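Going line by line, the protein sequences match chains A and B. Heads up, the first sequence is in the working numbering, so the first residue is 1 and it goes up one at a time. Heads up, the second sequence is in the working numbering, so the first residue is 1 and it goes up one at a time.
Treat each hint with caution, since some may be false.
What the hints assert, rightly or not - The calculated EDC-like cross-link candidates involving lysine to aspartate or glutamate, where the alpha carbons are at most 20 Å apart (straight line), are:
#1 A:Lys-70 <-> A:Glu-52
#2 B:Lys-100 <-> A:Glu-59
#3 A:Lys-70 <-> A:Asp-38
#4 B:Lys-100 <-> B:Asp-8
#5 A:Lys-57 <-> A:Asp-26
#6 B:Lys-61 <-> B:Glu-88
#7 A:Lys-9 <-> A:Glu-30
#8 B:Lys-100 <-> A:Glu-52
#9 A:Lys-57 <-> A:Glu-30
#10 B:Lys-100 <-> A:Asp-62
#11 B:Lys-100 <-> A:Glu-30
#12 B:Lys-112 <-> B:Glu-88
To be verified - Simulated restraints on C-beta separations:
#13 A:Met-27 <-> B:Gly-41: 20 to 26 Å
#14 A:Pro-103 <-> B:Thr-12: 24 to 30 Å
#15 B:Gly-41 <-> A:Ala-56: 25 to 31 Å
Hints in this document: simulated from the structure, not taken from any laboratory. Values in this document were obtained by computation on a predicted structure and should not be read as measured data. The beta carbon of each residue, even a glycine, is placed where N, CA and C say it ideally should be.
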Amino acid sequence: NAGVTQTPKFRVLKTGQSMTLLCAQDMNHEYMYWYRQDPGMGLRLIHYSVGEGTTAKGEVPDGYNVSRLKKQNFLLGLESAAPSQTSVYFCASGRSETQYFGPGTRLLVL
Amino acid sequence: AQSVTQPDIHITVSEGASLELRCNYSYGATPYLFWYVQSPGQGLQLLLKYFSGDTLVQGIKGFEAEFKRSQSSFNLRKPSVHWSDAAEYFCAVGLTGGFKTIFGAGTRLFVKA
C-alpha cells in the first residue's frame, strides 16, 4: 500500500497562475481532506469530502476549489494564485475519526 | 466553539529526560482525541488516540497520553526522550459524527544531548 500520495511535492507559481494539486489514496477510504499548514497556526481545513461526488467547505475555503470524481482521488485547485496561498498543503484520508496524511506539497506563490 | 490549545510553542528537553506536552480542548460532547507527530519535511503520523474506555492510552514509539475530563486535557508523556523524538507534535479533537478534526497549533520539541 502506498497510503496517501500527493503530487507535486513542490511548486512555484506566479500570482494569478492556476494549478491543481492531486491527492490519491489506496485504502478505500470514504473521507478525504485538504489542509493547509502555516507557521504557528497548525492545520486548517480547506475542503473535505465524505464520499465520491461530494465536497464541502472547511474552515478556509476561499480561493480554492475541489473535486472528487473518483473515490481514490481528491483534487485541490487554485484558479488564480495569490501570495497568501503560499503554504504547505496536506491531503488526508480516513474511514472514520482517524486520518492518514500524505507527505505534503510545498507551494510558493510569488 | 470547538478549539484545541497547546500552551507551549516549543519545549527543549535533554536526551533521557522525561517529557510532557500539554493539550487542552474545548468541546461540548465527548471528544475523540489524537496526538500526531510531524518530523521535518514529512506528513503527520498518528501517535495515539482516545475514543473511550481506559483514560490512559498507549501509543507508538513509547508515548502515552492521559485523558482528564475534569480538566479538559489530553497530555502526552514519554518517560525517556530520544534524540529522534525531536519533531513537532499536534494535539487534535475529532468531532462527533466522525469526519472533522480540529488541530492545535503544535508544540515543537527540541532534544539536547
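Against the structure, the hints come out as follows:
1. Taken as a hint, the Lys-70 of chain A and Glu-52 of chain A pair is honoured in the structure, with Cα atoms around 6 Å apart against an allowance of 20 Å.
2. For a cut-off of 20 Å, the pair hint linking Lys-100 of chain B to Glu-59 of chain A stands: about 11 Å separates their Cα positions.
3. Pair hint Lys-70 of chain A plus Asp-38 of chain A does not hold up; C-alpha atoms about 29 Å apart against a cutoff of 20 Å.
4. Simply put, Lys-100 of chain B and Asp-8 of chain B have alpha-carbon atoms about 24 Å apart, too far for the 20 Å limit, and the pair is violated.
5. A C-alpha spacing of about 24 Å is found between Lys-57 of chain A and Asp-26 of chain A, which places the hinted pair above 20 Å, so the restraint is violated.
6. Note on Lys-61 of chain B and Glu-88 of chain B: the hinted pairing holds, with a Cα-Cα distance of about 14 Å set against a maximum of 20 Å.
7. Taken as a hint, the Lys-9 of chain A and Glu-30 of chain A pair is broken in the structure, with Cα atoms around 24 Å apart against an allowance of 20 Å.
8. Between the alpha carbons of Lys-100 of chain B and Glu-52 of chain A the distance comes to roughly 17 Å, so the proposed pair stays at or under 20 Å and holds.
9. With a C-alpha separation of about 16 Å, the suggested pair Lys-57 of chain A and Glu-30 of chain A falls inside the 20 Å cut-off, and the hint holds.
10. With a C-alpha separation of about 18 Å, the suggested pairing of Lys-100 of chain B with Asp-62 of chain A holds against the 20 Å cut-off.
11. Taking the CA atoms of Lys-100 of chain B and Glu-30 of chain A, the gap is about 13 Å. The hint holds against a cut of 20 Å.
12. Taking the CA atoms of Lys-112 of chain B and Glu-88 of chain B, the gap is about 15 Å. The hint holds against a cut of 20 Å.
13. Remark: the range hint 20 to 26 Å for Met-27 of chain A to Gly-41 of chain B is upheld by a beta-carbon distance near 23 Å.
14. As the Cβ distance of Pro-103 of chain A to Thr-12 of chain B is approximately 27 Å, the hint placing it in 24 to 30 Å holds.
15. Remark: the range hint 25 to 31 Å for Gly-41 of chain B to Ala-56 of chain A is upheld by a beta-carbon distance near 30 Å.
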